[in-house]
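Visitor: Okay, here's what each chain looks like letter by letter:
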Amino acid sequence: MSLQPLDPRTAEIFPMAARHLLGDTQLRKNVRHATDVIQNKRRIVVDEMPDWQELRESGKRLREHTMQHLREYLEQFERNCTAAGGVVHWARDAAEARQIVVSLAKSAGAKEVIKIKSMTTEEIQLNPALAAAGIRPYETDLAELIIQLGHDQPSHIVVPALHKNRQQIREIFRREMNLPDLGPSPQDLADAARLFLREKFLTVPTAVSGANFLIAETGGVCVVESEGNGRMCLTLPDTLITIAGIDKVIPRYEDLGVLLQLLPRSATGERMNPYNSIWTGVHPGDGPKAFHVILMDNARTSILADAEGRQTLNCIRCGACQNACPVYRQTGGHAYGSVYAGPIGAILTPQLMQMEHAQSLPYASSLCGACYEVCPVKINIPEVLIHLRNKVVKEKSWADPEAIALKTVASIFRSERRFRAAQRLGRIAERPLVRKDGQGDGWISWLPGLLGGWTQVRDLQSMPKESFREWWEKRAETKGGSDV
Amino acid sequence: MSDARSEILARIARATSTGSPSSWEEIPRDYRQSSTASDRELVDLLTHRLHDYDAQVVEASSSDAATAVAAMLKAREVSRIVIPPGLQSSLLPPGFNFIEDTGLSHAELNQCEGILTECTLAIAETGTIVLQNVPGQGRRAATLVPDYHLCIVDAAKIVATVPEAIERLNPTAHLATTFISGPSATADIEMTRIKGVHGPRFLDVVLLLE
Amino acid sequence: MRISLFITCYNDTLFPDTGKAVVRVLERLGHTVVFPAGQTCCGQMHYNTGYQKEAMPLLERFVAQFRDADAVVVPSSSCVAMMKDHYPKMAEEIGRPDLIRDVAELLPKIFEFSELLTRRLGLDDVGAYYPHRVTYHASCHGLRNLNLGDGPLRLLKAVRGIDLVPIANVEQCCGFGGTFAVKNAEVSSAMLAEKTTAVLNTGAEACTACDNSCLMHIQGALHRQRTGVRTIHLAEILASTEEGRA
Numbered sequence: 001m002s003l004q005p006l007d008p009r010t011a012e013i014f015p016m017a018a019r020h021l022l023g024d025t026q027l028r029k030n031v032r033h034a035t036d037v038i039q040n041k042r043r044i045v046v047d048e049m050p051d052w053q054e055l056r057e058s059g060k061r062l063r064e065h066t067m068q069h070l071r072e073y074l075e076q077f078e079r080n081c082t083a084a085g086g087v088v089h090w091a092r093d094a095a096e097a098r099q100i101v102v103s104l105a106k107s108a109g110a111k112e113v114i115k116i117k118s119m120t121t122e123e124i125q126l127n128p129a130l131a132a133a134g135i136r137p138y139e140t141d142l143a144e145l146i147i148q149l150g151h152d153q154p155s156h157i158v159v160p161a162l163h164k165n166r167q168q169i170r171e172i173f174r175r176e177m178n179l180p181d182l183g184p185s186p187q188d189l190a191d192a193a194r195l196f197l198r199e200k201f202l203t204v205p206t207a208v209s210g211a212n213f214l215i216a217e218t219g220g221v222c223v224v225e226s227e228g229n230g231r232m233c234l235t236l237p238d239t240l241i242t243i244a245g246i247d248k249v250i251p252r253y254e255d256l257g258v259l260l261q262l263l264p265r266s267a268t269g270e271r272m273n274p275y276n277s278i279w280t281g282v283h284p285g286d287g288p289k290a291f292h293v294i295l296m297d298n299a300r301t302s303i304l305a306d307a308e309g310r311q312t313l314n315c316i317r318c319g320a321c322q323n324a325c326p327v328y329r330q331t332g333g334h335a336y337g338s339v340y341a342g343p344i345g346a347i348l349t350p351q352l353m354q355m356e357h358a359q360s361l362p363y364a365s366s367l368c369g370a371c372y373e374v375c376p377v378k379i380n381i382p383e384v385l386i387h388l389r390n391k392v393v394k395e396k397s398w399a400d401p402e403a404i405a406l407k408t409v410a411s412i413f414r415s416e417r418r419f420r421a422a423q424r425l426g427r428i429a430e431r432p433l434v435r436k437d438g439q440g441d442g443w444i445s446w447l448p449g450l451l452g453g454w455t456q457v458r459d460l461q462s463m464p465k466e467s468f469r470e471w472w473e474k475r476a477e478t479k480g481g482s483d484v
Numbered sequence: 001m002s003d004a005r006s007e008i009l010a011r012i013a014r015a016t017s018t019g020s021p022s023s024w025e026e027i028p029r030d031y032r033q034s035s036t037a038s039d040r041e042l043v044d045l046l047t048h049r050l051h052d053y054d055a056q057v058v059e060a061s062s063s064d065a066a067t068a069v070a071a072m073l074k075a076r077e078v079s080r081i082v083i084p085p086g087l088q089s090s091l092l093p094p095g096f097n098f099i100e101d102t103g104l105s106h107a108e109l110n111q112c113e114g115i116l117t118e119c120t121l122a123i124a125e126t127g128t129i130v131l132q133n134v135p136g137q138g139r140r141a142a143t144l145v146p147d148y149h150l151c152i153v154d155a156a157k158i159v160a161t162v163p164e165a166i167e168r169l170n171p172t173a174h175l176a177t178t179f180i181s182g183p184s185a186t187a188d189i190e191m192t193r194i195k196g197v198h199g200p201r202f203l204d205v206v207l208l209l210e
Numbered sequence: 001m002r003i004s005l006f007i008t009c010y011n012d013t014l015f016p017d018t019g020k021a022v023v024r025v026l027e028r029l030g031h032t033v034v035f036p037a038g039q040t041c042c043g044q045m046h047y048n049t050g051y052q053k054e055a056m057p058l059l060e061r062f063v064a065q066f067r068d069a070d071a072v073v074v075p076s077s078s079c080v081a082m083m084k085d086h087y088p089k090m091a092e093e094i095g096r097p098d099l100i101r102d103v104a105e106l107l108p109k110i111f112e113f114s115e116l117l118t119r120r121l122g123l124d125d126v127g128a129y130y131p132h133r134v135t136y137h138a139s140c141h142g143l144r145n146l147n148l149g150d151g152p153l154r155l156l157k158a159v160r161g162i163d164l165v166p167i168a169n170v171e172q173c174c175g176f177g178g179t180f181a182v183k184n185a186e187v188s189s190a191m192l193a194e195k196t197t198a199v200l201n202t203g204a205e206a207c208t209a210c211d212n213s214c215l216m217h218i219q220g221a222l223h224r225q226r227t228g229v230r231t232i233h234l235a236e237i238l239a240s241t242e243e244g245r246a
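Protein chains in written order, with full-length UniProt numbering: chain A, 1 to 484; chain B, 1 to 210; chain C, 1 to 246.
One or more hints might be untrue.
As the list claims (entries may be wrong) - Below, a list of computed lysine to any residue pairs in the SDA-like style, where the Cα atoms sit at most 20 Å apart:
#	chain 1	residue 1	chain 2	residue 2
1	C	Lys53	A	Glu217
2	A	Lys41	B	Arg193
3	A	Lys474	C	Arg24
4	A	Lys394	C	Ile94
Claimed, not checked - Ranges between beta-carbon positions, derived for each pair:
#	chain 1	residue 1	chain 2	residue 2	range
5	A	Ala307	C	Pro131	49 to 59 Å
6	C	Gln225	A	Ala399	37 to 47 Å
7	A	Glu12	B	Glu59	53 to 63 Å
8	B	Ser22	C	Asp124	41 to 51 Å
9	B	Asn170	C	Arg101	40 to 50 Å
10	B	Glu167	C	Arg2	52 to 62 Å
11	B	Asn170	A	Ile44	41 to 51 Å
12	B	Ser22	C	Gln225	23 to 33 Å
13	A	Ala131	B	Asp39	34 to 44 Å
14	B	Ser20	A	Glu171	50 to 60 Å
15	B	Ser35	A	Ala307	56 to 66 Å
Everything labelled a hint here was simulated from the structure, so no lab data went into it.
Note that the structure is a prediction, hence the values are computed from the model and not measured.
No residue lacks a Cβ here, since even glycine has one placed at the ideal position from N, Cα and C.
Isolated chain A, as found in the complex:
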């Protein structure tokens, strides 16, 4: 459990963090179980859609179009939201966003705020800032409550506590809610959360939320959730402060017809999640009397400026790539050192933060493509990973051992003569490392330096006595002519 907020600037590099987490048997079992269940549910509700691929294509094109016209859609959203009684704020970075939220909460006289799960507020580390200003934030999403009471960090963008099982959650609730007799079933735990938060919902006058979609055409905001904690926060308090990345805007109301199909099926494997709330500014006699929305950049415009990285902004935060990722499956989310874990985190974090803070993340993937396959808006995550790897390489010093090795190999491949020589040299160089097994085959079970990772758990068969091309040439000679 990590007490410090997940912060790419201070986090361990991925291979080291992964190494620690791989030793946590319970965590690995929990993550495997959760991702298996959610993937199976997703598969069933996706397979029943005859037009899933058409929806994905529309989703992708819709997001691409939005990004290309981001300025006009944001301005349109601002105009319409303001006309409907909302107040729109702009924040260049995390610090400015935190400062706006804190000052709005303070001027509303808030001592406490109730919060809907929002990865954007996690991204900007809002809770410590609120606490520092003397405002106590209550996370109301069940998973976020588990994280908050357990002094833990989210490990998944949709199911932040998926790394905990029911016994672990029960322990947290028993301790933090002072319920020594709490039962172990998920129903008992959900009931405990209901009781714990009920009073807060009915009495705390200020709420903070994220947003799934900002609708430019109407100035409306859409929040998608399951438990009803979102609806509580969106409707019962007097003041609602919504914080959203500028990437959350969509052009028209009609676009919900695409996105409200893609998101629930991809995120939780449901045909529709229990609740979607859409509101537009302030509705007299219904919900908050004051509504603020903060449009936050925090490096999104620099992602927008990168032609190859830009598709990262198309993400609608469904988490399907995390569930499908065989790397995430082994390590869980904390290894990524960021609130955005898994494949989307591996491309988003290095772009949100400056590259030097997240050099290892673009390499935290076997490029298997499972993420791309499930992405509801067809973000080609492997392609972006490779693009970011290229950026990492460009920043490497000439003396970097990996760079020297790879450049040497490249020069070998640029010449047939050098390639042949290297094949011969390899057979000589490997000799001291080769041991014969019972079948008389040569195997290497220890390699030096950068290659040592290979032989941690794997043997390597020794090189054959002749390469294919040597065999081919001999054969051509004995056949009395060349095929080439």
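Given the structure of chain A, go ahead and fit chains B and C onto it with the hints provided.
Guide: Relative to the frame of chain A, chains B and C by itself:
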């Protein structure tokens, strides 16, 4: 309104200056926008989906709607029930304590056992009921705080798909709108779907045919 | 048909038997195999690790070697995926119009080995005999980038004497991932552990695939653990006949 605004908009303008503009109308929409299902098929599909969410569904004609409502409320042992302003009085059976929501406080709402509403439309494929702040449906808090929600769905208001629903809602997009698909639920603990966290833990539907 | 073989750098160096098997199968089917001698590497390792600049000349070399081919066969789906997914963009970046055109013309003529048999030549049965219990590992690039579908399985099902057993979670990556296997050795090992468990659960004597890269990785663990289960490239199974193995 501030420095930040113009700076962000300028950054966006720079970042998007090279791409080629496209129109919203050019976005391909080859997904299903409508359905050829019959009215009966839509009712059956909606019922099936609602059952999937553990909602109970009964069918009734408009003349015996109140009887169906009474049966549902009795089965759930609910007697203090909020009703939104403008709910059709023909839906209300005698013998229950119906309290009109004329601006009840949160605490007063919390004292009520249930809420009875109509709806704007229902989506068969996803088992979704859509509520808006209009007469007969009311403000959002009223369908949220009480633990039981009984919704009257006129079969004529059922559409097959999400795009059809959005198209129908488009003219009233400015109203506060809530999509409800089953009772409040969570799968945050070991991905087991559990009914009822903060929203109503029980949702039933009376389907009005004809 | 005259078919040009791109053996790939690692098959040439480490798995010549796979190349021999490809030659044997294609010649048995009556085709002529040619081997352009100047070929080396497609550039995948460099490109995927972030060394795009180093991969560019390898693309140029490949195109120069294979430009005039009628069809190119490659016994490695990840190398074919490299070409199909990245060569057009790389050629654009190099900016030579002739290269862009050559790549566009060449790509449709490049086939992964099983793809050549099932899609280009329309064959499922190539007359092979392999009396062993075998499970098939669908490599990620074959599965997702090339959409090989059930092509390799159809070829295997037609093999006489084979006892083909399905593997659990066939779509799950084995954890090789090129330099991933050394840069993230521990996670790669954890992924590999799941894969070898799945292989062992089938009770197969051999695990086959269209990629020796995955197989080298899987074999590395199967051998380290002395499981007695081996790996074999699909081409080598298809080359085996009652008269003998390739």
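Visitor: Would you mind marking each hint as holding or not holding in the structure?
Guide: Here's how the hints hold up against the structure:
1. C:Lys53 - A:Glu217: Not OK: C:Lys53 and A:Glu217 at ~44 Å, beyond 20 Å, violated.
2. A:Lys41 - B:Arg193: Within the cut-off at roughly 11 Å; holds.
3. A:Lys474 - C:Arg24: holds, 15 Å
4. A:Lys394 - C:Ile94: holds, 17 Å
5. A:Ala307 - C:Pro131: 49 to 59 Å: Given about 54 Å between the Cβ atoms, the range holds.
6. C:Gln225 - A:Ala399: 37 to 47 Å: With a Cβ separation near 38 Å, C:Gln225 and A:Ala399 satisfy 37 to 47 Å, so the hint holds.
7. A:Glu12 - B:Glu59: 53 to 63 Å: Check passed, 60 Å falls within 53 to 63 Å.
8. B:Ser22 - C:Asp124: 41 to 51 Å: Between B:Ser22 and C:Asp124, where Cβ atoms are some 44 Å apart, the hint holds.
9. B:Asn170 - C:Arg101: 40 to 50 Å: Given a distance of about 48 Å, which is inside 40 to 50 Å, the answer is holds.
10. B:Glu167 - C:Arg2: 52 to 62 Å: holds, 57 Å
11. B:Asn170 - A:Ile44: 41 to 51 Å: violated, 30 Å
12. B:Ser22 - C:Gln225: 23 to 33 Å: violated, 55 Å
13. A:Ala131 - B:Asp39: 34 to 44 Å: 55 Å Cβ-Cβ, so the 34 to 44 Å window is violated.
14. B:Ser20 - A:Glu171: 50 to 60 Å: holds, 56 Å
15. B:Ser35 - A:Ala307: 56 to 66 Å: For B:Ser35 and A:Ala307 the Cβ distance comes to about 39 Å; the hint is violated.
Of the numbered hints given earlier, the model fails hints 1, 11, 12, 13, 15; all others are met.
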